Amino acid sequence: MGGVSVESGGKGGRRSVDSEINMIPMIDLMVCCISFLLITAVWSHMSRMNADAQVPGPPNPEKELNPQPPDKMLHVEMRQDDKFTLIWKQGPTVVNSIDVPKHGVDVIEGSTTTTRYPDLATKINEEWKANGSHRDASDKKMDQAVLHTDNKTLFKEIVSVIDAIYTPKRDFGGASAQRPAFNVTFSVN
Amino acid sequence: MAIHEPGRRLMHFVPLKFVQKRVAGGGGRSVSASINLTSMIDFLFMVVVFLLMTFSASGEIPLDKNVKLPKAENTVDMVDAPMIAVNGSQILVDGTPAGSTRAIEEAGRLQRIDELFNLLKSKRELWKATQGGTGKSFPGVCILQVDQMVAALVVKSVFQTAAFAGYPNVSFMVGQLPKNEHP
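If you're matching them up, the sequences are chains X and H in order. Using the numbering used here, read the first sequence as starting at 1 and increasing by one per residue. Using the numbering used here, read the second sequence as starting at 1001 and increasing by one per residue.
Errors might be hidden in some of the hints.
[Stated by the list, open to error] Only part of the chain H face toward chain X is listed, based on derived beta-carbon distances under 10 Å: (1) 1054; (2) 1145; (3) 1155; (4) 1170.
It should be emphasised that the hints constitute simulated quantities derived from the structure, not laboratory data. Values in this document were obtained by computation on a predicted structure and should not be read as measured data. Backbone N, C-alpha and C define an ideal beta-carbon position, used for all residues, glycine too.
Please put together the full structure from these sequences, using the hints given.
Now the structure itself:
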């Protein structure tokens, strides 16, 4: 039987101070805990990447009547084989345009290979720091990125580029952790 | 020298009763043995701590068996929302068929998927009927489980259809890649 022995110099004739704590209930409880946790365990952790469709809605009465200049939007062009093009647009006006070479880095995890674009991620991070419209923690709005892709591009390629777009992160106030600074939508053309 | 009966001699000269009793060797070895459980308890503790750290109260998210999800690093936590699975042949909303992927690919153009639109619209109306009176505004969130080999045309069609049906906040479900530090 398992027990904890407390050594002491007991003298003859007196009741022994050696005592054993019965560990069996504790072991039973731990085995039950392990069984419960193993049965309810989730081994595949899934996450999500936010996107937003730009759907025109009903007019908001609380909105200011004075028209505001449109926010700058980052257009990510991924239709060319050898490069990405990052274009900052304010309304129809092109503010800035940069080419980033398409250098994919394969990440192998088990049987799946994921392509990542660290150069694109770094460039988007720099661009957001230089041109992003919403960078203050009190600003709840997100900067908008528009992804231009052709119809035959595979979804895993799209996710790799969205992953790079979501590299810049910022605080949105409150106790929540940093979240991506951009929100992605798709271009229809 | 006197002749003695054969037997154990070692330590017999010690004039203490408990020593003589011990060296006499009369009885057999005790059958009562105790196993040291300390290492087993330590191991069980480690297992409990590991399982508690990996425990997720939200439970497992149902994943279509024909969908192989891509992986990404910059992700956010899952939310409870209608699940649209898109595999190589069909589109399913919470397990109910809602269109064909091949039909969109054969058409070769961006289009609204009517079955998907009607299903999502009915889900939206159901939400309004059940929770509309509570004062909460409709979140308009749906989650796309898209196979990594599906073409962008299908993804964009599903995305657009979901937006038209009242779900403009579309999230893509992905596997989690380990996080790297960026400059």
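Practice problem: Find the hints from earlier in the document that the structure breaks and name them by number, from lowest to highest. | Solution: none
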